[in-house]
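Participant: Chain residues, written in single-letter form:
There are 2 protein chains.
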Amino acid sequence: MSTSLPFGTCPVAMLGDGERITLAHGEGARMTRRLIERTILPRLGSAVGQYELNDAALLSMPSDRLAFTTDSFVVSPLFFPGGDIGRLAVFGTANDLAVSGAQPMWLSLSLIIEEGLPLGILEQVLESIKRAAQEACVQITTGDTKVVPHGAADGLFINTSGIGPALEPPVLGPASIQAGDELLVSGPIGCHGLAILAAREELDLRPPPESDCASLWPLVSALHAADLLQHVRAMRDATRGGLTAVLHEWANACDLTLRIEESRIPITPNVRGASELLGLDPLYIANEGTMLLAVEPRHTAPIMAALRAQSPGDQACVIGAAQQRASVPVIVSRVTGTPRPLDEASGVLLPRIC
Amino acid sequence: MSTSLPFGTCPVAMLGDGERITLAHGEGARMTRRLIERTILPRLGSAVGQYELNDAALLSMPSDRLAFTTDSFVVSPLFFPGGDIGRLAVFGTANDLAVSGAQPMWLSLSLIIEEGLPLGILEQVLESIKRAAQEACVQITTGDTKVVPHGAADGLFINTSGIGPALEPPVLGPASIQAGDELLVSGPIGCHGLAILAAREELDLRPPPESDCASLWPLVSALHAADLLQHVRAMRDATRGGLTAVLHEWANACDLTLRIEESRIPITPNVRGASELLGLDPLYIANEGTMLLAVEPRHTAPIMAALRAQSPGDQACVIGAAQQRASVPVIVSRVTGTPRPLDEASGVLLPRIC
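Sequence order for the protein chains is Z and E. Numbered as in my numbering, the first sequence ends at 477 without a single skipped number. Numbered as in my numbering, the second sequence ends at 477 without a single skipped number.
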């Protein structure tokens, strides 16, 4: 087995001399159908709803307002502590629907597979997709499989697109944030990016950092059930670019300054230690199951209670507030001193973290 | 400029020493936003509807029944006579909706870009996507951009997913095909696969074969407007695996034998000549704007008239019929002799044709 294929923490048995994906698996005829019917659909099991082998799935929508989103996943390595590309692909897209104020319902699943990928790797990713789809309460309803020659892709890329009915009342989004609104984070930050970095670079961190990769639907659903979603101005999962990227985008959208206090942001000792060791700032590190919320301040307490009653929201914290626009869009009060501008990242952070 | 990047017939000016995609363009922060705001959205222009920079687009659906489909495009080269990866990505997904009996309405657009791709190439593909979206009457409503290091992908991969309202009455699909139903093809076959092969292998065919890459919505829409869709049992664009793959799938779905006559299948002299030269059978070659239809025989004449009144249906032909199940699922009466089984392809046809 070549070590150049970045499979990460996939069990060694999967990397043996078993069957591998060939170009014929992507030809659209008998071999492709066999791959779908014998490998893909059985492994997805009950996660598959009304799946159409070709063309489109026909679905009945419970609402005339729907949300639609897409994400391609190119993470390297494919397996890492706390997750794998399959879990990321399900939760990433389902979370984009949830934080938009929609119920994740249906996903598409499109695979771009590099010739030579061990079939065992694909099977493990598919089983992971199945479990994640069950956790996120979504069904895979349509798909596509392409195979490219060895060297034309890096193991496996996955695109998932998702649709679901918009919740009522709608979440208005970051342009609706007002001065005085409070900023909440749903859990500890920095876990996912550090887990990927440590797995890719084979850093011997003990314990190894684990991705926070998780479905955010339980949190959004709890807020909706408690009639609290109407008091949430904006929600966003803080993926690429971390908390900082979301803060900047929101500050630009609402033309306010967002101010956060470093001491109030939940960061695990593990992530704090590893970040200091590596000279990284957790505020820029990607998350995959942690979201930022901007909420009306008089409803902060019940919203916090609803978040904290659910996993993965049990460590939710208020970390700051929106205020009238100052000279900079985002300000952080560091633990060590006076408030400072929190600049947007402009260069390469860490490629292929999702 | 390295010649190893398979750009095909892209104008040479695009391959100059201009700006290139870097890993920073995919980081999810400022550089990604700039790429989207300054390159992607302006180039897509009016093809963009209610586009959400992040997360999900919120859409109002005119029907509670919708179709959902996905397709990833990995074609090599990126540009070829008659089309490019952008046109393929729009028409491929829009056609999957149309042949499922749905109106193509909204597409997502997810780009996986290899570091080092000249920005001019990306811009040209985006402009092509814009034109194709206008031709197919669809809007791009949500998207995603990933950049992978040089060598981890091959230039550019595109995923499009699509949704649209299901037409009434619904098209029942291949399981509803009955003995006596007639088989129609909407245009000449074999053009797309040969165009790709000739461009990739730099075959000096004169004139160079051109892809049939086109929107099939005008044909489906015309059938719907004339109240003829209810007499169509099944439609399918004959992409990977060509006409043969669709015939086999349908024969299995309806448990009948499908019989076609080679002499009735439209094939351009150009495709016929090139196929003979290369030892290929057009029945196995991919198409990107040609569909097979199974129709109730007493409605064949008006359906043929409706197809022939529209581009790309002006060369539509009746090519065969369904009959009681014989010993083989698909039979072809060759020009040269007695009827013979048309076997399904089982090996590698031509990789990366879409």
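One thing to keep in mind: the hints can contain errors.
Said to hold, decoys possible - Covered, in the sense of this in silico footprint (three residues per stretch, anywhere, with C-beta under 8 angstroms from a C-beta of chain Z), are these stretches of chain E: (1) 143 to 153; (2) 268 to 274; (3) 333 to 340; (4) 361 to 375; (5) 426 to 435.
Unchecked claim - Partial list, computed: chain E residues near chain Z (C-beta under 10 angstroms): (6) P165; (7) R166; (8) L189; (9) T192; (10) P293; (11) L473.
As the list claims (entries may be wrong) - Not close to chain Z: a few residues of chain E, all C-beta gaps over 12 angstroms, as computed: (12) R156; (13) G168; (14) A190; (15) V198; (16) G243; (17) A449.
Note that these hints are calculated values from the structure, not bench results. Even glycine gets a Cβ: it sits at the ideal position worked out from N, Cα and C.
Participant: Now tell me, hint by hint, if it's right for this structure.
Facilitator: Status of each hint after checking the structure:
1. 143 to 153: Answer holds; 8 residues pass the 8 angstroms Cβ test.
2. 268 to 274: That given contact holds, which follows from 5 residues of the stretch 268 to 274 of chain E lying within Cβ reach (below 8 angstroms) of chain Z.
3. 333 to 340: This one is violated; 0 residues, fewer than the three required, reach chain Z with a Cβ under 8 angstroms.
4. 361 to 375: Our answer is that it holds, as 7 residues pass the Cβ test (under 8 angstroms) against chain Z, meeting three.
5. 426 to 435: With 0 residues in contact (Cβ-Cβ under 8 angstroms with chain Z), the coverage given for the stretch 426 to 435 of chain E is violated.
6. P165: 18 angstroms, violated
7. R166: Check failed: Cβ of R166 of chain E comes no nearer than 18 angstroms to chain Z, outside 10 angstroms.
8. L189: 5 angstroms, holds
9. T192: Hint on T192 of chain E: holds, closest Cβ of chain Z at ~4 angstroms, below 10 angstroms.
10. P293: Because about 7 angstroms separates P293 of chain E from the closest Cβ in chain Z, which is inside the 10 angstroms limit, the hint holds.
11. L473: 8 angstroms, holds
12. R156: 8 angstroms, violated
13. G168: 20 angstroms, holds
14. A190: Given a closest Cβ separation of 4 angstroms, the condition is violated.
15. V198: Violated, because the least Cβ-Cβ distance between V198 of chain E and chain Z comes to about 10 angstroms, which does not exceed 12 angstroms.
16. G243: 22 angstroms, holds
17. A449: Its Cβ never comes within 12 angstroms of chain Z, the nearest being 20 angstroms, so this holds.
Hint check: violations occur at hints 3, 5, 6, 7, 12, 14 and 15; the rest are consistent with the structure.
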